[in-house]
Amino acid sequence: MAKVPGLVKGLGVTLGTLFKTTVNGSNTVQYPHEKETPPIRSRGVIALHQDNCTSCMLCSRSCPDWCIYIEAHKELAPPRREGGKPRQVNLLDRFDIDYALCMYCGICVEVCPFDALFWSPEYEYSEPNISDLLHDKSKLSEWMETVPEAPELEAGADKKKK
Amino acid sequence: MPPKSPNGEVRQLSSSSETTTPVVDLEREQMLEAIKLSLGDVFVDSHLKPGDDLWIRVRTDSWLGSVQKLRDHHSFDYFGFLSAIDWMPSPYGRGEDDPTEPAPVRDTTIRSGYAGGDTRMQVFIRLVNSKTHLGITVKVDVADSSPSVESLITIFAGANWHERETHEMFGIDFVGHNDLRNMYLPVDFEGHPLRKDFPLLARMVKPWPGIVDVEPLPGGDEEDSAEVKASAQSKDSDAS
Amino acid sequence: MIALLAEVPYWGQSLLRVLGGLVAVLLPAGTIVYVFLFKMMSFMQSRLGPMEAGPYGSMQLFAEVGKWLQKEDIVPDRADARIFKMAPVIVLVSTFLLVVVVPFGPEAWFTDFETGVFYALAVSSISVLGILIAGWSSANKYSLLGGLRAAGQLIAYELPMVLAVMGVVIQAGTMNLQKIVVAQNTGSMFGIDAIGHPYVISQFFGFIIFMIAIQAELTQAPFDMPIAESELVSGYMTEYSGFRFLIFFIGEFATAGVFAMIASVLFLGGWGVPFTWFGWTSVDDVANWMNFVGPLIMFTKMMLLVFIIMWIRFSYPRLREDQLQRFAWKGLIPVALINIMVTAILKVVF
Amino acid sequence: MTMLGDRQQLSYIASQAADARLNLELETEGMTLNIGPQHPATHGTLRIIARLDGEQVVWAEPACGYMHRGYEKLTEVRTFPQVTTLVNRIDWLGSFANEVPFILAAEKLMGVEAPTRAQYIRTILFELSRIANVSLFLGDLGVQLGAITPVFLAFRDREYVLNLIESATGGRFHPNFDRIGGLKDDLPAGWIDETRAVMKKLRSFCDQIEDLLFGNEIFQSRTRGIGVIPRDVALQYGLSGANLRASGVDWDLRRDQTLPMVWDKADWKVWTHPDGDSFARCWVRLQETRESTKIVDQLLGAIPSGPVMAKVPKIIKVPEGEAWVSTENPLGEMGYYVVSRGDLGPFRVKIRSASFNNISITPWLLRGVYVPDIVTILASLYFILGDIDR
Numbered sequence: 000m001a002k003v004p005g006l007v008k009g010l011g012v013t014l015g016t017l018f019k020t021t022v023n024g025s026n027t028v029q030y031p032h033e034k035e036t037p038p039i040r041s042r043g044v045i046a047l048h049q050d051n052c053t054s055c056m057l058c059s060r061s062c063p064d065w066c067i068y069i070e071a072h073k074e075l076a077p078p079r080r081e082g083g084k085p086r087q088v089n090l091l092d093r094f095d096i097d098y099a100l101c102m103y104c105g106i107c108v109e110v111c112p113f114d115a116l117f118w119s120p121e122y123e124y125s126e127p128n129i130s131d132l133l134h135d136k137s138k139l140s141e142w143m144e145t146v147p148e149a150p151e152l153e154a155g156a157d158k159k160k161k
Numbered sequence: 000m001p002p003k004s005p006n007g008e009v010r011q012l013s014s015s016s017e018t019t020t021p022v023v024d025l026e027r028e029q030m031l032e033a034i035k036l037s038l039g040d041v042f043v044d045s046h047l048k049p050g051d052d053l054w055i056r057v058r059t060d061s062w063l064g065s066v067q068k069l070r071d072h073h074s075f076d077y078f079g080f081l082s083a084i085d086w087m088p089s090p091y092g093r094g095e096d097d098p099t100e101p102a103p104v105r106d107t108t109i110r111s112g113y114a115g116g117d118t119r120m121q122v123f124i125r126l127v128n129s130k131t132h133l134g135i136t137v138k139v140d141v142a143d144s145s146p147s148v149e150s151l152i153t154i155f156a157g158a159n160w161h162e163r164e165t166h167e168m169f170g171i172d173f174v175g176h177n178d179l180r181n182m183y184l185p186v187d188f189e190g191h192p193l194r195k196d197f198p199l200l201a202r203m204v205k206p207w208p209g210i211v212d213v214e215p216l217p218g219g220d221e222e223d224s225a226e227v228k229a230s231a232q233s234k235d236s237d238a239s
Numbered sequence: 000m001i002a003l004l005a006e007v008p009y010w011g012q013s014l015l016r017v018l019g020g021l022v023a024v025l026l027p028a029g030t031i032v033y034v035f036l037f038k039m040m041s042f043m044q045s046r047l048g049p050m051e052a053g054p055y056g057s058m059q060l061f062a063e064v065g066k067w068l069q070k071e072d073i074v075p076d077r078a079d080a081r082i083f084k085m086a087p088v089i090v091l092v093s094t095f096l097l098v099v100v101v102p103f104g105p106e107a108w109f110t111d112f113e114t115g116v117f118y119a120l121a122v123s124s125i126s127v128l129g130i131l132i133a134g135w136s137s138a139n140k141y142s143l144l145g146g147l148r149a150a151g152q153l154i155a156y157e158l159p160m161v162l163a164v165m166g167v168v169i170q171a172g173t174m175n176l177q178k179i180v181v182a183q184n185t186g187s188m189f190g191i192d193a194i195g196h197p198y199v200i201s202q203f204f205g206f207i208i209f210m211i212a213i214q215a216e217l218t219q220a221p222f223d224m225p226i227a228e229s230e231l232v233s234g235y236m237t238e239y240s241g242f243r244f245l246i247f248f249i250g251e252f253a254t255a256g257v258f259a260m261i262a263s264v265l266f267l268g269g270w271g272v273p274f275t276w277f278g279w280t281s282v283d284d285v286a287n288w289m290n291f292v293g294p295l296i297m298f299t300k301m302m303l304l305v306f307i308i309m310w311i312r313f314s315y316p317r318l319r320e321d322q323l324q325r326f327a328w329k330g331l332i333p334v335a336l337i338n339i340m341v342t343a344i345l346k347v348v349f
Numbered sequence: 000m001t002m003l004g005d006r007q008q009l010s011y012i013a014s015q016a017a018d019a020r021l022n023l024e025l026e027t028e029g030m031t032l033n034i035g036p037q038h039p040a041t042h043g044t045l046r047i048i049a050r051l052d053g054e055q056v057v058w059a060e061p062a063c064g065y066m067h068r069g070y071e072k073l074t075e076v077r078t079f080p081q082v083t084t085l086v087n088r089i090d091w092l093g094s095f096a097n098e099v100p101f102i103l104a105a106e107k108l109m110g111v112e113a114p115t116r117a118q119y120i121r122t123i124l125f126e127l128s129r130i131a132n133v134s135l136f137l138g139d140l141g142v143q144l145g146a147i148t149p150v151f152l153a154f155r156d157r158e159y160v161l162n163l164i165e166s167a168t169g170g171r172f173h174p175n176f177d178r179i180g181g182l183k184d185d186l187p188a189g190w191i192d193e194t195r196a197v198m199k200k201l202r203s204f205c206d207q208i209e210d211l212l213f214g215n216e217i218f219q220s221r222t223r224g225i226g227v228i229p230r231d232v233a234l235q236y237g238l239s240g241a242n243l244r245a246s247g248v249d250w251d252l253r254r255d256q257t258l259p260m261v262w263d264k265a266d267w268k269v270w271t272h273p274d275g276d277s278f279a280r281c282w283v284r285l286q287e288t289r290e291s292t293k294i295v296d297q298l299l300g301a302i303p304s305g306p307v308m309a310k311v312p313k314i315i316k317v318p319e320g321e322a323w324v325s326t327e328n329p330l331g332e333m334g335y336y337v338v339s340r341g342d343l344g345p346f347r348v349k350i351r352s353a354s355f356n357n358i359s360i361t362p363w364l365l366r367g368v369y370v371p372d373i374v375t376i377l378a379s380l381y382f383i384l385g386d387i388d389r
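The listed protein sequences derive, respectively, from chains E, H, L and U.
Heads up, the first sequence is in numbering that gives the first Met the number 0, so the first residue is 0 and it goes up one at a time.
Heads up, the second sequence is in numbering that gives the first Met the number 0, so the first residue is 0 and it goes up one at a time.
Heads up, the third sequence is in numbering that gives the first Met the number 0, so the first residue is 0 and it goes up one at a time.
Heads up, the fourth sequence is in numbering that gives the first Met the number 0, so the first residue is 0 and it goes up one at a time.
Here chain E stands alone, though its shape is the one from the complex (with noise of 0.2 Å):
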């Protein structure tokens, strides 16, 4: 068989796609109107569930970029049980990650020794502001709902791992 010119075969190759676009669509999602669903592990954002936070400053002082502020204050909490003594409990005043800095690691997430810090694959929560990235507590909060339950793992896994 003679050889094609390379000429002619880089014409069939757009030809080639051209025709494939037409019949079977193109790559492209129309973002605004039809969105991604991003993985399970998708580091979008960093979900704060307030709750656990006892907030012992590990994640503020594992981070990279410094971009976790906490400030926090005790306080006496009623007893666990009928009679004991009154427990003091850290109360979080503020939690603010700087989203303008944050470099989406996720070492924080990691060191949390209590389950508080999670990764939401949430994405849209661009400002026009660079200021208004810094996202306090109510809004990290807010994202808890987002988190999704961590993916199966693959065959071989070492089940140990949660």
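Accuracy of the hints is not assured; some may be wrong.
[Unchecked claim] List of simulated lysine-lysine pairs, DSS-like, C-alpha gap at most 25 Å:
| hint | chain 1 | residue 1 | chain 2 | residue 2 |
| --- | --- | --- | --- | --- |
| 1 | E | Lys8 | U | Lys200 |
| 2 | E | Lys19 | E | Lys8 |
| 3 | H | Lys48 | H | Lys35 |
| 4 | E | Lys8 | U | Lys316 |
| 5 | E | Lys19 | U | Lys199 |
| 6 | U | Lys316 | H | Lys48 |
| 7 | H | Lys130 | U | Lys264 |
| 8 | H | Lys130 | U | Lys268 |
| 9 | H | Lys205 | U | Lys72 |
| 10 | U | Lys200 | E | Lys34 |
| 11 | E | Lys136 | H | Lys205 |
| 12 | U | Lys316 | E | Lys19 |
[Stated by the list, open to error] Ranges of calculated distance between the beta carbons of each label pair, as one might list FRET restraints:
| hint | chain 1 | residue 1 | chain 2 | residue 2 | range |
| --- | --- | --- | --- | --- | --- |
| 13 | U | Asp206 | E | Val22 | 49 to 57 Å |
| 14 | L | Ile154 | H | Leu200 | 54 to 62 Å |
| 15 | U | Ile191 | L | Ser57 | 42 to 50 Å |
| 16 | L | Ser57 | E | Ser125 | 46 to 54 Å |
| 17 | U | Ile191 | L | Met58 | 40 to 48 Å |
| 18 | L | Gly65 | U | Asp192 | 55 to 63 Å |
| 19 | E | Pro85 | U | Asp192 | 54 to 62 Å |
| 20 | H | Asp106 | E | Asn26 | 54 to 62 Å |
[Said to hold, decoys possible] Over 10 Å on every C-beta distance to chain H, these chain U residues come out as not near it, computed from the model:
| hint | residue |
| --- | --- |
| 21 | Phe154 |
| 22 | Arg171 |
| 23 | Asp206 |
| 24 | Glu216 |
| 25 | Ala322 |
| 26 | Asp388 |
Simulated from the structure, these hints should not be mistaken for laboratory data.
Where is the CB? At the ideal position from N, CA and C, for every residue including glycine.
Since chain E is already given, all that's left is putting chains H, L and U on it; use the hints.
Leaving out everything else, chains H, L and U in the frame of chain E:
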């Protein structure tokens, strides 16, 4: 077909690194002997990690000559990189100090790494033999007062940019390199950023958020915060 | 058509002609941009192209025009302002001058030149001036390089184009574009006159050369070095913004359309269908409705040719300037000359 | 930055100006052309200052530093886990591959080795990031040479790979999935089958690109014989990756080096090309992408079961020592010289990035070529700006 590993052995090798890597590394030892022989008194010190790597240190006044010998007689013909180290620990730490308190005093005694060193800064170069693929790290001391060393551009043209970068970042002069323009920084930039006594401003302009601690209950005791920390740590060990 | 126009006063005729010219230039340009640049290119690249403005983005072009008109008309500080502003207009004017000789029907033309081919080839090189002016007056090194490349390229490809047309002229025995159309549609090949005698068959090499030369004249890939966005940013257009860029843009695609029309006139039989289909013997017999159907036939042929031009544009990388010149002078021109010789000999023999 | 930088650059150009008066007969003066930092051909902000005689380059030099982020300094104030988040931003197209040598260096200092399953997954993700990176190169190559279609095809198919990386690691561009001692997590269910399907798509993408670009006579005439790097020059400048192999040096760190990775478990080939020109470099990359898909396919079937994390303390302190680990990254040899002082963070990290060496050859290579060839040569050397400036 790759062999299936028996239930994915967990190897905690902090003590067993000797079991996987041979204690004797004949190839590298022979190489080291040959280098010692040909460099003669230019050779100062060496460090050999069997099965891993070889470090040697040469005299500053014959830096160019010894690298040339390594290239010509020991066929280290591939130029990996050239850079420098400032062995003085940084007086600023990781910039996590509380600005309201007096700065902590840090130990800034100079300790050199493998193959020793007599000066604060060292230039080092990575060469590889393109046939055997064995590499070598060659170090050289640079004097503290006027850090300067011979340029390698005549034997490794690729050293050009690396020396420019090192000059810019450490202030080390490369004799014989007539084009030590800055690569990255503006011309009138003062200081040499990779020297340890150059503060990283990004970590100075803003206090570390981790300094903030939980405000104690008025009149309360400190036990509780200690309790939190303890529980955090116990959770740590669980997780790992 | 002429009979119709005869009753209109001269100024009215002129006005109608101007309007007709605008339609003949802008309508194909707009269609080409939407169909080929927006949609065909996107589909060839597995995407959809503009989808928001109008159904399937069909109003996108108007949105773009609106955007460009709003933009500031920037003239660089060091630019030679007056001729900098003039340059895009010169480019567009050459397109309008070009469309003047194209016949759209038996009586639907703007003007009927005996030396139409000669005129068309002469006028088409006016745009070189505009591009050179644009490149020079922008006071930008990229523009200068782009302008010089364009000048060299357009001149180099003018020649094979002229030579390719020469074969058609020899075969038709006339330089009048209308007569060339008629000659193709009344002619016969090897005694079969069912499809007339489109010169694309007998002048196949001429056609190929002509199409390559058009590709280069239009500075479409693989001959887009004057624009060469990855080397020269945008070549001679780098400094233009707002509506002056728009004029260049219209000029580019309008010229593509007009050149394709000329190519279809010269090689594909223009507005005509083979006259034997309807039993016409000469241009005088042609039914009057051809004045309205003719432009559509012409349009179809034009779109076909533009499709080929654009298809190549979207598929090929670009040549280097010196390779382009070598290709023109060492490849195309000798082939074109041989083509002329062969045509002339055959013409004399038969 | 620019004004001061300019003055320095211009004084240097002035010193070269004597050289630039090449055309002695015509006594024409050269022209200095600034390509970049904002220029379509320099993906990123590389700036090339070229002294031209007509369209011929008399002297040219890249001026980098427009994206210098000072990573070597930044690593000194970060802990080991924090450094991973930095280093995957060096070559942002193949970010997972950037993490691996750093983590390996740290593991070497600690004497820890990742479990076999983690090694397999690491290698697979490493190759996936190579595919993501190089497939964009293949598309971008077309744009640099004036063909507009390949880049869209590349973006289309690279998206599949990025989706895979995202669904496994959570990050499309910056996975941060490697941990000292293993990986952050295991693969999600169904990932292996998905990957197989994508690898098939990528192979057909390679075929498409080959038909569209590599077979194209225009492409060949633009790249063959342009920017020839002989073998010894390539070694001298420390070129690496496909640039080195295109000069006929049969050297691939994946094969020629013992690392706790599992490339040796797959059957693949190191491609070399004797010519050393732009075409050779591009061609070697194309072949490597195909090899990578093969490696991934083979390793997918062989992933052993088990944990993905070795036992390491939660708070990582790396013992004192020095370690050099380099791997065959998409752009070439990427290595980290890590010096630790037994602290939470590294004492010094020298990042040996491939593009820095690869681009440092350009002043030598660009002499005497034409302006369009600058673009061809830069495209074929293939750099990522973050990898030059770091």
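Give me the numbers of the hints this structure contradicts, sorted from smallest to largest.
-> 4, 12, 13, 16, 18, 25, 26
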